[in-house]
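Visitor: If you're matching them up, the sequences are chains A and B in order.
Be aware that the first sequence starts at 1, since it is given in the UniProt record's numbering, and climbs by one per residue.
Be aware that the second sequence starts at 1, since it is given in the UniProt record's numbering, and climbs by one per residue.
These are calculated hints, taken from the structure and not from any lab test.
Wrong hints could be hidden among the right ones.
What the hints assert, rightly or not - Taking lysine to aspartate or glutamate pairs in the EDC-like style, the calculated list, with each CA pair at most 20 Å apart, reads:
#1 K95/A to E84/B
#2 K49/B to E62/B
#3 K29/A to D97/B
#4 K60/A to D97/B
#5 K29/B to E84/A
#6 K95/B to E30/B
#7 K95/B to E82/A
#8 K29/A to E82/B
#9 K29/A to E84/B
#10 K38/B to D97/A
#11 K49/A to E82/A
#12 K29/B to D97/A
#13 K49/A to E35/A
#14 K49/B to E82/B
#15 K38/B to E62/B
#16 K60/A to E45/A
Bear in mind that the values here come from a model prediction, so they are computed numbers and not experimental data.
2 protein chains.
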Amino acid sequence: MAKKFAELQAGMAPESRAEAQQLFQQHLKEMPLHELRKAQQLSQESLAKALNINQAAVSKMERRTDMYISTLRNYIRAMGGELEIIATFPDGQVKIDNFAY
Amino acid sequence: MAKKFAELQAGMAPESRAEAQQLFQQHLKEMPLHELRKAQQLSQESLAKALNINQAAVSKMERRTDMYISTLRNYIRAMGGELEIIATFPDGQVKIDNFAY
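So that you can see chain A by itself, here it is in the shape it has in the complex:
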């Protein structure tokens, strides 16, 4: 299946590929951090432990509407994930790789 997908992509005109990218993104589930944590069956306490902070700090973090990219990356890593920063343009998408990994 994976191969078929790659072949499909390879055979696409650039415009179709951009369209597919948009479509693909639209299919992604969207959720806030606290829901993502619950989906991973993790408590604020266990995440606090992994991040070496206290539970109140995790709670506060989950209510923020802005934060440093490094803070968000640490939070997502503590859940076992990886953060990706994508810039979407009408003609396609680019992954931004400026930030410390």
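Once you have looked at the hints, place chain B on chain A.
Guide: For chain B alone, coordinates are given in the frame of chain A:
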């Protein structure tokens, strides 16, 4: 073509879908902010104007390895793009929607 892609996705088992997501991400171009700006044929000066800051501040921003999500979003918007924050897990991807839009 777009419809075919959607149909392909709809018919996928969850594991194949996750695999396709990973593959898809691997196909994304990766670049730092200053290269993305150049690819959009924008100068630091024009971006500075759009952001209501000076050229030196844009130059400094492009050399940072960490910044606020809102700062990055403003930079990408000034280029005509949209920022997306994705968390990638072994079993799939989620778009994080905590941050002010």
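Visitor: All hints are to be evaluated individually against the structure, with a verdict given for each.
Guide: The hints, checked one at a time:
Of the pairs offered as hints, the one joining K95/A and E84/B holds, with about 10 Å between alpha carbons and a cut-off of 20 Å not exceeded. Taking the CA atoms of K49/B and E62/B, the gap is about 15 Å. The hint holds against a cut of 20 Å. With a C-alpha separation of about 10 Å, the suggested pair K29/A and D97/B falls inside the 20 Å cut-off, and the hint holds. Taking the CA atoms of K60/A and D97/B, the gap is near 16 Å; set against the 20 Å cutoff, the hint holds.
With a CA separation close to 12 Å, the supplied pair K29/B and E84/A stays within the 20 Å bound. Only pairs whose Cα atoms come within 20 Å are accepted, and K95/B paired with E30/B is accepted, the gap being roughly 18 Å. At roughly 12 Å between alpha-carbon atoms, K95/B and E82/A fall within 20 Å of each other, so this suggested pair holds. Simply put, K29/A and E82/B have alpha-carbon atoms about 17 Å apart, close enough for the 20 Å limit, and the pair holds.
Taking the CA atoms of K29/A and E84/B, the gap is about 12 Å. The hint holds against a cut of 20 Å. Using a Cα cut-off of 20 Å, the hinted pair K38/B and D97/A holds, with the two alpha carbons roughly 15 Å apart. Restraint check for K49/A and E82/A: the C-alpha separation of about 18 Å stays at or below 20 Å, so the hint holds. With a C-alpha separation of about 10 Å, the suggested pairing of K29/B with D97/A holds against the 20 Å cut-off.
A threshold of 20 Å between alpha carbons decides the hint, and for K49/A with E35/A the separation of about 18 Å falls inside it, so the pair holds. For a cut-off of 20 Å, the pair hint linking K49/B to E82/B stands: about 18 Å separates their Cα positions. In summary, the hint linking K38/B to E62/B is supported, as the alpha carbons are separated by about 12 Å, within the 20 Å threshold. The straight-line distance between the Cα atoms of K60/A and E45/A is roughly 13 Å, inside the 20 Å bound, and the hint therefore holds.
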